[in-house]
Structure formats: structure tokens, C-alpha cells
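A.B. asks: Input sequences plus hints: build the corresponding full structure.
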Amino acid sequence: MSDQIPIILFKTPSPSYELDSYTKILSKTKYNSTFIPILEETYHINELISIIEEGSNKWEGVIITSKRGSEGWIKAVNEIILSSSKFKKNKEEINLKNGDDDGDWNKIPLFTIGLSTLNNFKESLLPKRFLPNIINFDKEEIPNSANQLLPFILNKPCINKIEYKPYLIIRGNKSIEILQNELKLNKRIIKEIIIYKINSRLDINENLNLFKKNNNNNNNYYENKNKKFKKGWLCFFSPSGVEIVLSLIKLNHKIDIQNEIEKEEETNNDNEFWNEWKIFVIGETTKKYLEEEKGIKVNAIADQPTPEGLLKAIREFDERHNESNVT
1 MSDQIPIILF KTPSPSYELD SYTKILSKTK YNSTFIPILE ETYHINELIS
51 IIEEGSNKWE GVIITSKRGS EGWIKAVNEI ILSSSKFKKN KEEINLKNGD
101 DDGDWNKIPL FTIGLSTLNN FKESLLPKRF LPNIINFDKE EIPNSANQLL
151 PFILNKPCIN KIEYKPYLII RGNKSIEILQ NELKLNKRII KEIIIYKINS
201 RLDINENLNL FKKNNNNNNN YYENKNKKFK KGWLCFFSPS GVEIVLSLIK
251 LNHKIDIQNE IEKEEETNND NEFWNEWKIF VIGETTKKYL EEEKGIKVNA
301 IADQPTPEGL LKAIREFDER HNESNVT
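Taken in order, the sequence shown gives residues 1 to 327; the numbers are from UniProt numbering.
All the given hints hold, so there is nothing to weed out.
EDC-like cross-link-like pairs, simulated, lysine to aspartate or glutamate; straight-line CA separation at most 20 Å:
hint: 1; residue 1: K297; residue 2: E243
hint: 2; residue 1: K128; residue 2: E53
hint: 3; residue 1: K24; residue 2: E308
hint: 4; residue 1: K30; residue 2: E308
No lab work stands behind these hints, which were simulated from the structure alone.
C.D. replies: Take a look at the structure:
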């Protein structure tokens, strides 16, 4: 529809376009969403499998800050179950390698960021002894950034009431180290395991060009004879996603970091299409990366990393700036 406001989501729909939660929310509005996946991951879980099999006795807690991290843990546990000599039994009967119930992972806390990571564990149906103890936050308390999660970790008394053991951090190769640095500053010991690697997809530029081609003659996207624009939203979900996309397109709404003054940047004809699109981000880390590292102004940020949070943020911005027919 010509009156719809376009949104490009730089993420992979899950589990499919039709069933994705962002699609379900946005399809009921004046926003027309398009997914352009930019990242793909490969998992490397052998070291994690060994750690899980050894049990939890040496750890103070497990820290997993991404959905991919939770998926890696679940994959590792399922590998243990499948390769166990007792795999024909009920999976609840499968023991840790040392056979020591004191090493059950459920005896130590699991610290997570975001609702999707939390729900991924809750819905995993893993045997209790292989799943760290999930902290049940009130909805409004769920940490959505490293800075919000940090107090929950620091304020929790040590398990043995004597001294803190090391924390096991499950992460990918592109993770930002804000949390790790803060824990070290607070004299906590950490052990990081990289269980997945993120790489850029090979078809991103092709999909960007296809989107441009499909909308080449649409006045929603290009300048019309009255010199009026109606551009939509570019939605970023991680610093690594920002880095990849900005290597392929240029945005003209730079920001002077010292004076916080927006300034125009000349772009070539190939990038004219992307002039004046608005920028949405899902979290403070990505906002900070865009504005402080790339000098790009962010127009809206979600107060919750959810489809509802995205819709609320962009709708409020568009209403403030008198976008017509925003519903």
C-alpha cells in the first residue's frame, strides 16, 4: 500500500517471516516491514560440552547475554544427552560425568539479558540438572543491557558464603565487553567461552538492491515533484549489524558529537535512496555504537527489546513529527 511507512529490519525472521513476532505486531499497523538478514552464525560447542559435563561446582554463576548464547547452551546439552551411554533412558535420569548431584547446574544462578534469551531457556525443556537456576524477574525488572544486569550479579551473595568463585560467560566473537570489564573492576573472576562466531551473509547487498529496485518508482521512497519525502525506518539490533550495513550504504544524517548538531553529508547517486531514512535501535549498546563510534544520529530506541517496544518507539517519534495516519 502506497500510504504505508516502510521498515527494514536488519535481522533474520524467526522461525519464518509469517510466524515472526515482529511481523505479527507490525502487520496490524500502517508500517510495512521487510526483513534483510545480515548475520549468520556457526557454533563451536566442544569446550562448552566438556565444561557442562564436569558440573557446576567450580562456578559462581553462568552469564549468557544473547539468544544465540542460550541456543549454544541448549545445543551442548542436547549433544550430551544424545551421546550418553544412557540415552535410551528418560533424559531426566542422565547424570553429569562425575555423578555428583552437588554439581547440578541448577544449584547456581543464570544471569541473562533480554526476554528472548530468558524465554529460550524456559521453553527448552532441558533436564533440570543441566539448566542453571533461572532468575524469575518481574517483567519491568528484566535487564535489557549489560549495565542493567550488572547490579543483579554484584548484589547476589556468594554461594559458599566465603568468597566468589569464577563466573562462566558464554558469548560470541562479536560481543561487546562492557559487562566483563565491570566485573573485573569489581574484583570478580570470569572465564569466557566463545561458542559461536558471527559472520556477514553474502547476499546482503543483493537484498538491499532488490529492495531498491522493487520500490524504484514508488513516491514513498524517492523525491516527488513537490520535493516532499516520506521515508521509513532502518532498524538495527546489534553493533555488528550496524558495522556491516554501513559498509554497504551511506547515511546523510551525521551528528557532530562535540556540539550535538546534525549535519548533512554528501552522498553519491547510488546512496541517494537512503537519504533521510530514520534510525531505530533495539538497545543502548547499539545506540552508543552508532552515535559515538559512527557519528550517526539515532531517532528512536526501544525501552524494551521486543516488537512492542519497537512499535511504541517509532510510533511515538512519527506522531511527534506529524507523520500522517500512524496507527
